[in-house]
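Visitor: The chain contents come next:
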Amino acid sequence: MYQLVAVLLLAAGLFGIVRRRTLVGMLICVELLLNGAGLSLVAAAQLTPANAVLGQLGTLLIMGLAAAEATLVLAMVVVVVRRFKTSETDAVSELKG
Amino acid sequence: MEAMAAKIAFACYVLIVAVGSIIAVVARSLVRALLGLIMTLFGVAGMYLLMAAPLVAFMQLLIYVGAVSVLIFFAVMLVRSGPGGEEAKPAKMRQNLYAALGLLAPGVVIGGALIKRPLEAGLSRSPVEIPAAELGKGLLGPYLLAFELISIVLLVAMVGAVIIAFEKRGGAKP
Chain A
5 MYQLVAVLLL
15 AAGLFGIVRR
25 RTLVGMLICV
35 ELLLNGAGLS
45 LVAAAQLTPA
55 NAVLGQLGTL
65 LIMGLAAAEA
75 TLVLAMVVVV
85 VRRFKTSETD
95 AVSELKG
Chain B
-18 MEAMAAKIAF
-8 ACYVLIVAVG
2 SIIAVVARSL
12 VRALLGLIMT
22 LFGVAGMYLL
32 MAAPLVAFMQ
42 LLIYVGAVSV
52 LIFFAVMLVR
62 SGPGGEEAKP
72 AKMRQNLYAA
82 LGLLAPGVVI
92 GGALIKRPLE
102 AGLSRSPVEI
112 PAAELGKGLL
122 GPYLLAFELI
132 SIVLLVAMVG
142 AVIIAFEKRG
152 GAKP
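Chains as they are written, first to last, in my numbering: chain A, 5 to 101; chain B, -18 to 155.
In case anyone wonders, no lab produced these hints; they're calculated from the structure.
Hints are supplied without guarantee of correctness; some may be wrong.
[Said to hold, decoys possible] Computed from the model, here is a short list of chain A residues facing chain B with C-beta under 8 angstroms:
no. : residue
1   : Thr26
2   : Leu65
3   : Phe88
[Claimed, not checked] Computed Cβ-Cβ distance ranges for the label pairs, DEER-style:
no. : chain 1 : residue 1 : chain 2 : residue 2 : range
4   : B       : Phe128    : A       : Leu76     : 12 to 22 angstroms
5   : A       : Arg87     : B       : Lys(-12)  : 45 to 55 angstroms
6   : B       : Cys(-7)   : A       : Arg87     : 39 to 49 angstroms
7   : A       : Leu69     : B       : Phe54     : 16 to 26 angstroms
8   : B       : Arg9      : A       : Phe88     : 16 to 26 angstroms
9   : A       : Arg87     : B       : Ala94     : 37 to 47 angstroms
10  : A       : Leu8      : B       : Glu(-17)  : 15 to 25 angstroms
11  : B       : Lys73     : A       : Arg87     : 17 to 27 angstroms
12  : A       : Phe88     : B       : Ala(-13)  : 43 to 53 angstroms
[As the list claims (entries may be wrong)] Here are a few chain B residues that sit away from chain A, every Cβ distance over 12 angstroms (derived from the structure):
no. : residue
13  : Met(-18)
14  : Glu(-17)
15  : Met(-15)
16  : Ala(-14)
Backbone N, C-alpha and C define an ideal beta-carbon position, used for all residues, glycine too.
The following block holds chain B by itself, in its conformation from the complex (with noise of 0.2 angstroms):
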């Protein structure tokens, strides 16, 4: 009964994430594009949580849906893109055709490979939830660097985006 009804919700979030991304491929509005990501997202951390990963699907929802898509919400409007503007032409034929070479060469060298070689019997295990102290124990223990190398990553970009956005305009050239 409840593999039936992971089965189900595993299907149900495989066809948000696909028309989800979809969207946000073709759309010709980039603020429907945005919204075919927020979808894909939403597919995304309901996968995390049906393989027992609250905890990175609550980070998913709160960093990805809440943070990062209101940051590319601000670029669409700063880019403002009217209704006869950048994406509203179709693409050109070679464009497409690039495009669609882009998308087989890893779909059908990993998809193929993956259908072809599936997991071996012994090794797929049914997941079990991870405590949030255990991973709070991980990153403050053995990927302390790792942790502490995000934090200043994230400074750097702070600071730097905030240098860029307000360099004035002669100040750039040498």
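So here's chain A without its partners, still in its complex pose (with noise of 0.2 angstroms):
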């Protein structure tokens, strides 16, 4: 039953990530989906005979990877904003060459 809920975030954030067209909707999306593989590990290590503290450890640190993953994309769209005037992805899909 967990398994299939974050079955369930899973899909809405991939679902998300094609869809926006901003960069910051993607990122909401890009947390849906390490929220689904959280919850997946969690559910595996709890309601199974798995290793229950590797399980949650697991959690906590795909957490922390989380957090620094929504700091640097943030400064990246700071960057990307201030030097395009948007953050719409269509917009910022040319390259230098």
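Starting from the two chains in their separate frames, assemble the complex, guided by the hints.
Guide: Structure (structure tokens):
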């Protein structure tokens, strides 16, 4: 049951990443994905004979990675907005060559 | 009685998570999408509590609801998408189609596998709460390397974020 909820979060996050057109919207959807991963991990650790300590610590590490990733993405979005005056992905798609 | 209450609570949390994630994905304004994300985070924290993992639940509230969502809110404010701005236009048809494909591929494959092959009866157990001291011992014992690595990753991310954000306009170009 919990795994199905995790799949729901995964699917919603993927749907959002493809559909959103701003970088911040995509960041929100990435957080949904990471939450699905954490939920799946804790469910597998707590409801089966697997190592429960390992599962919970893994989820804590995922949360730390999510925080680090959010700070980095925020800094990148600030730079992109300063340089392109927008955060739409279509407008930022040009390469420097 | 207790199993019944757990089932009802689980249904409530599933409802919160589902509604929250739908709001987070389809809302026109980014602030509303962020509120949907926070709703989802609360639902997931409730599920952690239901699985007798209170430490993870409180960390979820502290880190995600307390820190990450505030960060995303800062990003929304800095990007400053006005009412006529970026996400306001409805999405293109092709984009919607691709998004639906991205939704269906893992949903059908993993969800179908999960429904078709449920957990065998002998393998499921009722959750047991693990005291925080045990988790701390695990963090300082067998998983010490992961613990130290995540602290280095966090440090590098903070320093990198500061360096990127304070970059001078001309300094970036070689």
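Visitor: Which of the listed hints are not met by the structure?
Guide: 3
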